[in-house]
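J.: So the sequences go chain by chain: A and B. Quick note: the first sequence, position 247, residue 247 per my numbering, numbers continuous. Quick note: the second sequence, position 394, residue 394 per my numbering, numbers continuous.
Derived from the structure by calculation, the hints contain no laboratory data. Among the clues, some could well be false.
It does not matter which identical chain is meant; a pair holds if it fits inside one copy or across any two.
Within a straight-line C-alpha distance of at most 20 Å, the following computed EDC-like cross-link-like pairs (lysine to aspartate or glutamate) qualify [unchecked claim]:
(1) 203 / 340
(2) 160 / 267
(3) 52 / 62
(4) 336 / 82
(5) 326 / 122
(6) 188 / 158
(7) 203 / 60
(8) 201 / 62
(9) 7 / 122
The lines below spell out each chain.
2 protein chains.
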Amino acid sequence: MISNKMKSLVSNSSIIRAMFEEGKRLSEIYGEENVFDYSIGNPNVEPPESIKKVISEILDEEKPNYVHGYMNNAGYEDVRDDISAFLNKKHDLDLSRNNIVMTCGAAGGLNIILKSILNPDDEVITFAPYFGEYKNYVQNFNGKLVISPTDTETFEPDLKTLSSVITSKTKALILNNPNNPTGVVYSKEVIQALANLLSEKQKELNTTIYLISDEPYREIVYDNIEVPCLLKYYPNTFIGYSYSKSLSLPGERIGYVVINTSMDGFDEVTSALNIANRILGFVNAPSLFQRVIAKSLDAEVDVSIYEKNRDLLYNHLISLGFTCVKPQGAFYLFPKSPIEDDVKFCADAKQFNLLLVPGSAFGCPGHVRLAYCISYEKIKNSFPAFDKLAVLYNL
Amino acid sequence: MISNKMKSLVSNSSIIRAMFEEGKRLSEIYGEENVFDYSIGNPNVEPPESIKKVISEILDEEKPNYVHGYMNNAGYEDVRDDISAFLNKKHDLDLSRNNIVMTCGAAGGLNIILKSILNPDDEVITFAPYFGEYKNYVQNFNGKLVISPTDTETFEPDLKTLSSVITSKTKALILNNPNNPTGVVYSKEVIQALANLLSEKQKELNTTIYLISDEPYREIVYDNIEVPCLLKYYPNTFIGYSYSKSLSLPGERIGYVVINTSMDGFDEVTSALNIANRILGFVNAPSLFQRVIAKSLDAEVDVSIYEKNRDLLYNHLISLGFTCVKPQGAFYLFPKSPIEDDVKFCADAKQFNLLLVPGSAFGCPGHVRLAYCISYEKIKNSFPAFDKLAVLYNL
Numbered sequence: 001m002i003s004n005k006m007k008s009l010v011s012n013s014s015i016i017r018a019m020f021e022e023g024k025r026l027s028e029i030y031g032e033e034n035v036f037d038y039s040i041g042n043p044n045v046e047p048p049e050s051i052k053k054v055i056s057e058i059l060d061e062e063k064p065n066y067v068h069g070y071m072n073n074a075g076y077e078d079v080r081d082d083i084s085a086f087l088n089k090k091h092d093l094d095l096s097r098n099n100i101v102m103t104c105g106a107a108g109g110l111n112i113i114l115k116s117i118l119n120p121d122d123e124v125i126t127f128a129p130y131f132g133e134y135k136n137y138v139q140n141f142n143g144k145l146v147i148s149p150t151d152t153e154t155f156e157p158d159l160k161t162l163s164s165v166i167t168s169k170t171k172a173l174i175l176n177n178p179n180n181p182t183g184v185v186y187s188k189e190v191i192q193a194l195a196n197l198l199s200e201k202q203k204e205l206n207t208t209i210y211l212i213s214d215e216p217y218r219e220i221v222y223d224n225i226e227v228p229c230l231l232k233y234y235p236n237t238f239i240g241y242s243y244s245k246s247l248s249l250p251g252e253r254i255g256y257v258v259i260n261t262s263m264d265g266f267d268e269v270t271s272a273l274n275i276a277n278r279i280l281g282f283v284n285a286p287s288l289f290q291r292v293i294a295k296s297l298d299a300e301v302d303v304s305i306y307e308k309n310r311d312l313l314y315n316h317l318i319s320l321g322f323t324c325v326k327p328q329g330a331f332y333l334f335p336k337s338p339i340e341d342d343v344k345f346c347a348d349a350k351q352f353n354l355l356l357v358p359g360s361a362f363g364c365p366g367h368v369r370l371a372y373c374i375s376y377e378k379i380k381n382s383f384p385a386f387d388k389l390a391v392l393y394n395l
Numbered sequence: 001m002i003s004n005k006m007k008s009l010v011s012n013s014s015i016i017r018a019m020f021e022e023g024k025r026l027s028e029i030y031g032e033e034n035v036f037d038y039s040i041g042n043p044n045v046e047p048p049e050s051i052k053k054v055i056s057e058i059l060d061e062e063k064p065n066y067v068h069g070y071m072n073n074a075g076y077e078d079v080r081d082d083i084s085a086f087l088n089k090k091h092d093l094d095l096s097r098n099n100i101v102m103t104c105g106a107a108g109g110l111n112i113i114l115k116s117i118l119n120p121d122d123e124v125i126t127f128a129p130y131f132g133e134y135k136n137y138v139q140n141f142n143g144k145l146v147i148s149p150t151d152t153e154t155f156e157p158d159l160k161t162l163s164s165v166i167t168s169k170t171k172a173l174i175l176n177n178p179n180n181p182t183g184v185v186y187s188k189e190v191i192q193a194l195a196n197l198l199s200e201k202q203k204e205l206n207t208t209i210y211l212i213s214d215e216p217y218r219e220i221v222y223d224n225i226e227v228p229c230l231l232k233y234y235p236n237t238f239i240g241y242s243y244s245k246s247l248s249l250p251g252e253r254i255g256y257v258v259i260n261t262s263m264d265g266f267d268e269v270t271s272a273l274n275i276a277n278r279i280l281g282f283v284n285a286p287s288l289f290q291r292v293i294a295k296s297l298d299a300e301v302d303v304s305i306y307e308k309n310r311d312l313l314y315n316h317l318i319s320l321g322f323t324c325v326k327p328q329g330a331f332y333l334f335p336k337s338p339i340e341d342d343v344k345f346c347a348d349a350k351q352f353n354l355l356l357v358p359g360s361a362f363g364c365p366g367h368v369r370l371a372y373c374i375s376y377e378k379i380k381n382s383f384p385a386f387d388k389l390a391v392l393y394n395l
């Protein structure tokens, strides 16, 4: 009945989403307070209080047919003006509304970029561990995701390996900074070296290789670390941004794509993105929330809550004998599994109502992901379960 | 730079959207009051006043992380319960939340259905004239749109022609009821005959043929006409519904898909739709508006405004000598072009700041579409322009 592509997806459906559903099931059996669901990146930190006020203002001041109506497929002109002005000020850039396409979150953004650039069998590279959906997004357009492993001691990109997998079929590289699932933030030096390599490869192969920077976690960083603005390092750069995490609005599906001004074929690419937004069925990013965002550019969530969670959970896991790179961004820990079989380890954790996601789901077996965007109390209450898990594994 | 598929789309971009942009350009030159933009189906009737109140209530009463957060990819369980209960009462059905997937409008709904069912080169049939985006939606998944002409005197489906284009490659038929661009509403008798034909063909060819009913205009009907509920006529039916027109919320991208309980492979199909919603980048339908809809199931826009517009414009065009099927639904007129070359006719109309869309954009040359979801005053003010156009064509 369903398509062949879908058949394999139905049988191997997202383990993260399956865990999320499993968490709800276990909560019904054992009570929510006794289930420790580290499976999904659903922010627990509240959206800024201003959001509610801004919505009321818009509904009071603007005409309903305008607020809830169609606009250009790229989004309202004034919203794109405001976002480009905000980015110009923040990063010292020279963007205009023409560089911005409003999207249904970063997931929508990545899909319209890939729809616009991929021919069948084109290759898109990403570093492992990677957000598992990238594979689906690339396959939506009959492309092939090519995995370039990182050094699992640091999760920094390995440029030598990257260089070896770039071919004339390479159409793009997806970079996730800060990274989901490791929480690692790539430095200016890493980005510069990466940009140099891509530029050399473009010349050598006489092709265009796009850099797609997936940045939903840009604002969720700790220890005063800075996330470089990739537009300054490499001309053929797209940024996929989302307010899902930065304003805790993941259900609203609101974000944008930035197309670098110096990109090869800028006009053709922006036209293609507009059309892709329309014909993939998004039509436009949700209208009210476009207008909310334009009035919330300076708003932020309380990132210190995530930082406290990180410290609490990281320190406890380390004290139990787990090995883990200390993340400087996003809200995930990606410790080593005590056994190579990360799926078995997660199954064992579930005995104690601990829901973790196997690293295999991110192309990096032997690790597990913990989303610590849950309450501080809940993390503390989960410690006895982790302690039992550590005992089970003789840590 | 961009993909080959996109190249042809960029050069043949949507004429409707191009007209919409042209309307804005002409308005800047001649003043908005002197441009008569009949190009796009952007509802002019205001959303129900209750929408604003409902939004306030939700923001006052529910937790922001819940209202703006992730939920099941199919949508909030309680929202799907409320919608299925509403449909059960209205149409005497037996649906549950499992029959409903919340989508980013009908465009999102159609795309996830097609993503779920189409293998490359599968054929999807639709009757001409048809909403031009169907072709793009089908091609997104490497399918082929097959056009079955209707009788242009009535725009009723011609089942003999339909029968002749159904093959073993036919995976689905998209039906748009009420129809865009003709405004024709298919009767129970027509639907029953169509369902019988599809059932026979399924048996004969030993295949599954899905009926996809695209129903964004279901509520926009006149003369007390009834739109049949296709779930009762044919087991393998999907309904794609949207609140874009029925509640004048086109920018918010909110709608749903109904999967008929008696559909072949129901469980597999619903799983596939959930996954398609996620991986195409929608993730879920916008969360706040899911909750708004659940509290607005009885809300409606003032359809009598469109009915008055229809009568005003239809009567004037007829008085000028145009030929046109009188529509009983949607907010479009689809008169014959006085010359076969509808593109030239629309270009001539533009001289008088009249923006019409050629029938060719709907697979039906020799006609033009007028979207009369604009103000009554504007329609009246456009009469001198139509009069000049009639003189130019010696009508």
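J.: Evaluate each hint against the coordinates.
T.: Hints versus structure:
1. 203 / 340: neither (41 Å within a copy, 52 Å between copies)
2. 160 / 267: neither (34 Å within a copy, 46 Å between copies)
3. 52 / 62: both (16 Å within a copy, 12 Å between copies)
4. 336 / 82: Neither way: residue 336 and residue 82 sit 43 Å apart in one copy and 44 Å across, limit 20 Å.
5. 326 / 122: So residue 326 and residue 122 fail the 20 Å test inside a copy (35 Å) and across (50 Å) alike.
6. 188 / 158: within (15 Å within a copy, 64 Å between copies)
7. 203 / 60: Neither, since 54 Å and 57 Å both go past 20 Å.
8. 201 / 62: neither (50 Å within a copy, 52 Å between copies)
9. 7 / 122: between (23 Å within a copy, 16 Å between copies)
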